[in-house]
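2 protein chains.
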Amino acid sequence: MVCSIAGVLDAVGDRWAMLILRDLGLGLRRYDDLRKSTGVTHATLSDRLKHLEENDLIERRLYQTGPERHEYVLTRKGADVILVIQALAQVGDKWQIAGEKGPPLKFVNQNSGRAVKLALVDEKSGEVVRPRDVRPQAGPGADDLVRWRLTKFDR
Amino acid sequence: MVCSIAGVLDAVGDRWAMLILRDLGLGLRRYDDLRKSTGVTHATLSDRLKHLEENDLIERRLYQTGPERHEYVLTRKGADVILVIQALAQVGDKWQIAGEKGPPLKFVNQNSGRAVKLALVDEKSGEVVRPRDVRPQAGPGADDLVRWRLTKFDR
Numbered sequence: 000m001v002c003s004i005a006g007v008l009d010a011v012g013d014r015w016a017m018l019i020l021r022d023l024g025l026g027l028r029r030y031d032d033l034r035k036s037t038g039v040t041h042a043t044l045s046d047r048l049k050h051l052e053e054n055d056l057i058e059r060r061l062y063q064t065g066p067e068r069h070e071y072v073l074t075r076k077g078a079d080v081i082l083v084i085q086a087l088a089q090v091g092d093k094w095q096i097a098g099e100k101g102p103p104l105k106f107v108n109q110n111s112g113r114a115v116k117l118a119l120v121d122e123k124s125g126e127v128v129r130p131r132d133v134r135p136q137a138g139p140g141a142d143d144l145v146r147w148r149l150t151k152f153d154r
Numbered sequence: 000m001v002c003s004i005a006g007v008l009d010a011v012g013d014r015w016a017m018l019i020l021r022d023l024g025l026g027l028r029r030y031d032d033l034r035k036s037t038g039v040t041h042a043t044l045s046d047r048l049k050h051l052e053e054n055d056l057i058e059r060r061l062y063q064t065g066p067e068r069h070e071y072v073l074t075r076k077g078a079d080v081i082l083v084i085q086a087l088a089q090v091g092d093k094w095q096i097a098g099e100k101g102p103p104l105k106f107v108n109q110n111s112g113r114a115v116k117l118a119l120v121d122e123k124s125g126e127v128v129r130p131r132d133v134r135p136q137a138g139p140g141a142d143d144l145v146r147w148r149l150t151k152f153d154r
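Chains F and L supply the protein sequences, listed in that same order. As numbered in numbering that gives the first Met the number 0, residues 0 to 154 make up the first sequence, in order. As numbered in numbering that gives the first Met the number 0, residues 0 to 154 make up the second sequence, in order.
Bear in mind the hints are in silico, worked out from the structure with no lab data behind them. Keep in mind that a hint or two might mislead.
[Stated by the list, open to error] In silico DSS-like cross-links for lysine-lysine, where the CA-CA straight-line distance does not exceed 30 Å:
#1 K151/F <-> K123/L
#2 K93/F <-> K35/F
#3 K93/F <-> K123/L
Model, not experiment: these values are computed from the prediction.
Whole structure, please, built from the sequences with the hints as guidance.
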C-alpha cells in the first residue's frame, strides 16, 4: 500500500527519535544536551541519531577539533517534521496531558507576540477551513487499497 | 519533564496504532477492514486496539447480536489526533515519499472543492504566519527543564 503517513513514521523511527527532532527544532545541538533533555540512555540516543542521519533528517557536523566534537542539526527534511511536532503539542495541550497548569511551551508570532496554532486553510486563499468541511479524496498516487478505503468514508 | 508531545505519543503507542487511527479517521470501523487496510497480524491489531481503547482514543461498540459483532470508532480525543495524521500526510506528500505519481490522498474543502493544507495561523485573526516568524516560549506549565531548553533557542 502507498501511504505518506506510514512513510514519515518509518523515516522518523519511534517516539525517542521524535523527541530528538523536537529538541533539535528547539535549538539543542550537542549530544550531552540531547541526553539531558530526553533522558534516554547512551545506546538509545546513539542509535536514534544514526537512524535519523541515515534517513536524511539530521546532519552531524564537526564543530571542534582536538578533541573532535560533533553537533547535530536538522536538515531541511528534518525541519519539515516540526509540523508534526507542533500538531502533537497542540493536541497534548488541548488534553492538558502535561498537567493542569497549562502548556509547557507556547508558540508565538515573534512580530506580534500573539499565539499561533495549526489550522486547516484553503491552499489558495489561506482562509481557515472547519475540520468538518474537509474530506479525503483519491490523489494522483492512489492505489486500489487507497480507493477501497475511501469507499468507507461516510460523513 | 513535562511534555505534551511525549504525552500524545505515549497515548497513541506506536506506528501501527497511528495507522489504525488514520483508518478510523477515514471511516473504517470493522476489525476485518482494519486488518486489510493496515496489513498487520491479528495479535498486533488486537493489542493496539486495546491500547487505544485504554487511552480513551477509540470506543468499541456492539453493532450486531447473534453473533455479537463490534465496531471501532474514534472518541473526541481520538478525533483530535487526526491533526497529527494530517501533518504526517502533508510532510510525506512534500517528500513524495509514496512515489513520484503524487499524493495517494488529497484533503479538500467539500464546499469549494479546493485543496486544504495545515498552516500556522494567528490564534485571534486566523491569518497565516510564516514558520520562520514562530518562536517557542515558556508556557504556564513549564518546568526547569523546559526553561533550560529554551535558553538554547537561537534564531
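Here's how the hints hold up against the structure:
1. K151/F <-> K123/L: 36 Å, violated
2. K93/F <-> K35/F: Distance of about 27 Å is within 30 Å: holds.
3. K93/F <-> K123/L: Holds, at roughly 17 Å.
Violated hint: 1 only; the structure is consistent with all others.
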